Every structure is written in structure tokens, then in C-alpha cells.
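Respectively, the protein sequence lines represent chains C and U. Going by the working numbering, the first residue of the first sequence is number 1, and it counts up by one from there. Going by the working numbering, the first residue of the second sequence is number 1, and it counts up by one from there.
No lab work stands behind these hints: they were computed from the structure. Because the structure is a prediction, the values reported are computed rather than measured. Misleading hints may appear alongside valid ones.
[As the list claims (entries may be wrong)] List time: in silico BS3-like cross-link candidates among lysine-lysine, alpha-carbon distance up to 27 Å:
(1) Lys-29(C) to Lys-9(C)
(2) Lys-9(C) to Lys-358(C)
(3) Lys-160(U) to Lys-377(C)
(4) Lys-29(C) to Lys-377(C)
(5) Lys-416(C) to Lys-473(C)
(6) Lys-37(U) to Lys-160(U)
(7) Lys-29(C) to Lys-160(U)
(8) Lys-105(U) to Lys-377(C)
(9) Lys-9(C) to Lys-356(C)
(10) Lys-194(U) to Lys-356(C)
(11) Lys-181(C) to Lys-29(C)
(12) Lys-416(C) to Lys-37(U)
(13) Lys-194(U) to Lys-9(C)
(14) Lys-29(C) to Lys-194(U)
(15) Lys-238(U) to Lys-29(C)
(16) Lys-358(C) to Lys-194(U)
(17) Lys-473(C) to Lys-37(U)
(18) Lys-98(U) to Lys-377(C)
(19) Lys-171(U) to Lys-238(U)
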Amino acid sequence: MAIAGESFKSRASSALSDASLQTSIAGLKSGFVAARARAVAALPEFEAMRDAGAAIKDHTLAHLDVYLERYEREVVRQGGKVHWARDAEEARRIIREICAAAGARTVVKGKSMVSEEIDLNAALEADGLEVVESDAGEYIVQLAGEAPSHIVMPTIHKTTDDVADLFEDRHRAYGFMDRAKSAAELIGQVRTILREKYFAADVGITGANFLVAETGSNIIVTNEGNGDLTSTLARVHIVTAGIEKVVPTLNDASVLLRLLARSALGMEVTSYMTLSTGPRRADDLDGPEEYHVVLIDNGRTEMLGGAFQSMLRCIRCGACMNHCPVYLSVGGHSYGWVYPGPMGAVLTPMIAGHEKAKELPHACTLNGRCQQVCPVKIPLPDLLRRLRHQQWEQGFIDATTRWGISAWAWLAQRPKLYRAATGLAIPVLAWLGRSSGRFRSLPLASGWTAGRDMPAPQGETFHAQWARRARQK
Amino acid sequence: MTGDRASQTNSTQPRVGLFVTCLVDLFRPGIGFACVKLLEDAGCAVEVPAAQVCCGQPAFNSGDTDATRRIARQTIEAFAGYDYVVGPSGSCMATISKDYPEILKDDSEWSERARALAGRSYELMAFLTDVLEVSPPETSFEGRATYHDSCSGLRSLGIKQQPRTLLSGVKGLTLTEMQDAEVCCGFGGTFCVKYPEISVKMVSDKIGNIDASGADTLLGGDLGCLLNIAGRLKRLGKDVRVLHTAEVLAGMADRPGIGDGDRD
Chain C
1 MAIAGESFKS RASSALSDAS LQTSIAGLKS GFVAARARAV AALPEFEAMR DAGAAIKDHT
61 LAHLDVYLER YEREVVRQGG KVHWARDAEE ARRIIREICA AAGARTVVKG KSMVSEEIDL
121 NAALEADGLE VVESDAGEYI VQLAGEAPSH IVMPTIHKTT DDVADLFEDR HRAYGFMDRA
181 KSAAELIGQV RTILREKYFA ADVGITGANF LVAETGSNII VTNEGNGDLT STLARVHIVT
241 AGIEKVVPTL NDASVLLRLL ARSALGMEVT SYMTLSTGPR RADDLDGPEE YHVVLIDNGR
301 TEMLGGAFQS MLRCIRCGAC MNHCPVYLSV GGHSYGWVYP GPMGAVLTPM IAGHEKAKEL
361 PHACTLNGRC QQVCPVKIPL PDLLRRLRHQ QWEQGFIDAT TRWGISAWAW LAQRPKLYRA
421 ATGLAIPVLA WLGRSSGRFR SLPLASGWTA GRDMPAPQGE TFHAQWARRA RQK
Chain U
1 MTGDRASQTN STQPRVGLFV TCLVDLFRPG IGFACVKLLE DAGCAVEVPA AQVCCGQPAF
61 NSGDTDATRR IARQTIEAFA GYDYVVGPSG SCMATISKDY PEILKDDSEW SERARALAGR
121 SYELMAFLTD VLEVSPPETS FEGRATYHDS CSGLRSLGIK QQPRTLLSGV KGLTLTEMQD
181 AEVCCGFGGT FCVKYPEISV KMVSDKIGNI DASGADTLLG GDLGCLLNIA GRLKRLGKDV
241 RVLHTAEVLA GMADRPGIGD GDRD
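Use the sequences and the hints to build the structure in full.
Okay, here's the thing in C-alpha cells:
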């Protein structure tokens, strides 16, 4: 998916005045936050599990080469093939070649954020393939020609009415002539349409929640069962995964799965958990003839061994955005790319570069709620601040901010001068504001006063009063 | 040293250097004097080092780590020699106690001093409760208040129960918890002017929760948040008083609230 051109600020502004969007994300705020809290409260060892989860990921990342090679050996032993992609372009080429070699005409896809990251659908469609998303949410955004706005709930920006409108328009082709009257009816339409697509598909492409090194298995979790059908019914199964998805053992995966379901949806376990290990064996009743895994780097090794390595712990649960007051105000599309919210504000500049996402690290109040709920304890606010520091060092900070901060810092290092200046200015402001106690507007403060009054100073500065008090003693 | 009142102290009193914070100095000096009263009532000798300005957070959060280091060294120097450093802000005190040691950890001359200062630095409510173990002060305040948990104090320093414990002793005060008391008010330092529309949306959500709680007073422990919330409340014409917890605890709330004037 290409990075949106216009600024975060202007996208956010549109989102704030989009009543339908505001209604949709309000549900996220109340529903999923409460559900997660209940699930966590019901599991006394949740905190210990967060530590264990972070430790598993840290250990794996410290020996990533070892575990990836072990994983590859096991996949090959099971009859599958592993492909290594340095970047998005290479990943797309590998997948297109697999599809071409299989003589594929139709592709069904399970939910895969990394496939969004490498902009896979457009590339396959350009080759003349029909590509159908099988996760209901992904199906809806694909039909609408939109991008997902949440990594777990792609259509969280849409109301049921929005979807009913969309289906009324687009599902006539499938014989659904009347507008659906309920969410169940909408899902029924998707189910009927997808059923045929699964059987017709030549290639099934899924993502990966965890790649298990000891068995060569891929684990995906869904609540719709579409992952099972996508990975077993087509002749060819392609797994797309970032290289950080590998974990050493099934036991390790089970710790992370327990964290994932609770953090993402407040569930103890997802409805479906699908393990796929290689192609169909001689005595298997179903399964693909070919099994491919495309391991995608796309900037991840750059993050290894440095200040941002902890970001590679991320298990894509979405808890950080569900708890982010900025995400909950402006929605996922404001972030302009595949990954929104706090994790996206770190990952997007890391993968796509500061120049394409320089606003994102600043679109955060550093309130820390994301870190508090992160199942693998990624210090997101700290990483965002580090990105700001990189931008400062590399000249990505705009001149006004840079000048303002530098001037203020210069003054802050001269207490006597600072005291003299504030000692003069503050009493004047206090006198001007004494009657109402506030200002409706102030020169150079329109950012504040557009939506808020500026409280007036109470009187002289504390230090001026304290110095006088000391002199009088 | 300005205001050095060491001559009045006796050797058993803890010597506390008050970190006033730049916002309290400029906008609400009354909070500073409330701190002095609470600390002196608790038996401390309070001094106010003159060479303090700001903790450096605006520079730190904007990415200018070098300037932050220079300001940190100045603050460390100003507060050397006190038994404790105490300030009426979880945000500033978290910068001193969590961030200074981190940004100076590779500085052979300053890393130890940064760690030492961090170990002696406390937010006011935490200091009164956890270190001095004072009883809730006997004072009175007529009102139905709700408390906003400021993010840095809550998540970096674990300040949650301390202000509530201290406020529980205030006669006439009813404390009603609001929904999402722990959710950011949208201040975020420079965030509130860089992204005013988002900031105003967040503070409006906060005000919705204040309204729903039925409170006539909003209390908190960080002036940045309080200026933001008061600024929006007043813009909306809401009749809610905004005060720092220290002002209520010190019995110094008999003056216009934040953003209120003589005629309110």
C-alpha cells in the first residue's frame, strides 16, 4: 500500500468531523477496552505472562538467524519451500512467480498485514489475477476500495449501515437484490459469496501469527475460520510473514497466543487457531499440493541490535491503538499507511523512512497508555521520543519548532535572564487578565486559543514573590 | 542562594529543595506556596534554589536531547546538597527521576549525580504519603470534586492512591470518580499546540466525563493538564472550578480557580 500523500494533520482534521467514523470508533473505545480489562483481571498471571512473552521475543530476536534457519530446515523437511525477500519489491516478485508457475487465475487471501505492507493485491491484479480477501473485514474494505483502518478490525471505521449500503450496491451481481437488514444477514452474504471463491481458488495466501522453528509450522488465528479454508482448499498455499514472526517452540507460541487473544479482543482464545505444516502428505484428506513461505525483511534487520529492536517484539494485537486517545480520536486512516496507532507511528517511519512519515512520531501525547497494555511490553513512548530525536539530529524538524525550542532552551539555561524577562512579562499578563481570569485569544497562541481559553497568570511569578519574601525576613 | 532559610532549620528537619516547575512559577504561584505550607507543616525545611527554571521536558520531547542534557546538568547542580527534591508535578518529577539518569548514563562526570538526584526526587503527593507518611491534613473545602490522573505521574511514578488518601481527610469534600479518569486530557506539552484539533477533541471527551460525574470541582496534580482542562471548560462556559490538589490540601483554595477571574 502506498503511503498517503497529504499530511497526518489534514487527514486527522477530516476524521474529526466525520460523524459516522466518530460513531464507529466510539464503540471500540468502550467495547474492546472493557473486554480486555475483564480478560486480564480474570488471569492473575497475566503480568508474569507479559514478562515471559517479552523474554521469548527478546531471546528469539537475539538469535534470529539461528531460529530462522532452523525454521527453514523444518519447512523443507516437511516438503515446503522457503523464499527470502529483502524488500517489498522482491516479495511481490517471488509471489507473482509462484502464482505464474502454478498457472493461477484466482487467489483467496487470509488476513495478512504484511501483504498490505508490500502492496501485494495491486501487483497480483496487475498480472490479471482475481484476488479475494476472505476475512470479512478485509473483504469489506477491498470491496469499498479502501485500506484497513485497524490491524485486527479492518473495518472499525465503518458502521453496519455503511456496510449495508456498500453490499446493496455491489452484491446485486451475486443475486442479492435487497438491502440487508441486519449484521447477520450481511455476514450471510459474505459467507455465501466466499464459499464459491474458496473452491475456485488456485492459490491461498495467508499471513502468519507465529512461525514455529521446532516444527516448521505456521500458526494463524481467526474468528471466522477463513484461515483454515484459505490454507487447505487451494492447490497452492503461500504464507507471507515478516522475519520477526518466528518463535523457537510450540510452547513459546502458546504463551504468546494467550497474550494475543486477550490483548486483541479480550478473548481467552480465538475461535480458530490453524496450524499448517508443509503440503498435503500422501495419506492426508486435504491440504495444498505446494507449500511456500515468503519471509520478508523490508527494513526489519535494520531494527535488529539497535535502539528500536524491541519494536520487533510486536505481535500485532492492536491493544496499543485500542487504548490510544489519539487513535480513538482520529481513526486509523489518518496515519496514512498500513500500521496505525502507536505501533504504526513507530513502524511506519522505520520501514518507510522519516521523510514519508515525519509527523507520526509527534502525533502522540506520550501518555504511556499503550505501553501499559502492550502484551510484550514495548516501550512505545520511549521509541517515539527516540524517533523525534533522530528527526532532530537528521534535520526533519520544521524550522519554526526548531527555532522555538532552541530559543526557549537557550533562555532556560540562563536563570537570571529568564527570571528578569518573566518577572516583567507575567505581571502584565496577569493584570490584563485579572477580571475574567483568562484570555479568549493571545498573540502567537492561536494553537491553544482556537478551542480553549488561556488561563491568565495568577499574579507575579512564584520566584519574584519568593525573593521578596526572603528579602523581607 | 535566594530564599535560603537554612539558618532557621534544625539538624533533624529534612532539607527539601522545592522544584517549583515553570508552569507553577508563571501561571499559578499559589500552588508553589501551597507546597511550601504542606512541606513545612510536615516538618521540612523548604528552600527554593534560584538556579532552577524548567526540567527540560519541552526540549526532550521535541527531540533536542543535547539541550535537555545541558538543562539536566543545571538542575542537578542547583539541587545538589538537599535531602530531597520535591515538586508539584508528576510530569516534571518523572523527567528528573526517570529521564535524567537515562540521558546522562554515558556521561562519566554526571551519571552518578543524575542517579543520586533521581533517588532523592519526589512528586509532592508521593513524598507526603510514601516518604513522610503524613496523616491527611485537617482542612476543609466545600465541594464535590473529581480527580484527573495525569499520565506521567500515574504511569511513570505510580501516583494514584496518594492524592486520594490525602484528600480523604478534607472536611466538606466529596470525591467522585469519573469515567476514564486515567485517560490523557490531550495536553501533552507541545502536542496541544501542534495538534490543537485532536487535543481539543481529547479534552472535550475529558470534560464529558467530568460533567457526567456531577462534580463542581476538578482536581489534579499537574498544572499543564489543569490549564488545558480549565481552558476548555471556560471556553464552553462550564461552571466547574479547577484547582491543584495541593491548593485544597493546604487550605489555600479560597481564591479564583484556574482560568477564573475576580468577577467569577
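Okay, the hints, checked on the actual structure:
1. Lys-29(C) to Lys-9(C): Holds, at roughly 22 Å.
2. Lys-9(C) to Lys-358(C): Given pair Lys-9(C), Lys-358(C) holds - Cα atoms ~11 Å apart, limit 27 Å.
3. Lys-160(U) to Lys-377(C): Holds, at roughly 21 Å.
4. Lys-29(C) to Lys-377(C): holds (21 Å)
5. Lys-416(C) to Lys-473(C): holds (22 Å)
6. Lys-37(U) to Lys-160(U): Given pair Lys-37(U), Lys-160(U) holds - Cα atoms ~22 Å apart, limit 27 Å.
7. Lys-29(C) to Lys-160(U): Given that 27 Å is the threshold and the Cα spacing comes to 22 Å, the pair holds.
8. Lys-105(U) to Lys-377(C): Since the Cα atoms of Lys-105(U) and Lys-377(C) sit roughly 22 Å apart, the hinted pair holds (cutoff 27 Å).
9. Lys-9(C) to Lys-356(C): Given that 27 Å is the threshold and the Cα spacing comes to 14 Å, the pair holds.
10. Lys-194(U) to Lys-356(C): holds (18 Å)
11. Lys-181(C) to Lys-29(C): holds (25 Å)
12. Lys-416(C) to Lys-37(U): holds (26 Å)
13. Lys-194(U) to Lys-9(C): Answer holds: Lys-194(U) to Lys-9(C) is near 9 Å, not above 27 Å.
14. Lys-29(C) to Lys-194(U): holds (24 Å)
15. Lys-238(U) to Lys-29(C): holds (25 Å)
16. Lys-358(C) to Lys-194(U): OK: Lys-358(C) and Lys-194(U) at ~13 Å, within 27 Å.
17. Lys-473(C) to Lys-37(U): The hint holds at about 17 Å.
18. Lys-98(U) to Lys-377(C): Judged against 27 Å, a Cα distance of about 17 Å means the pair holds.
19. Lys-171(U) to Lys-238(U): holds (25 Å)
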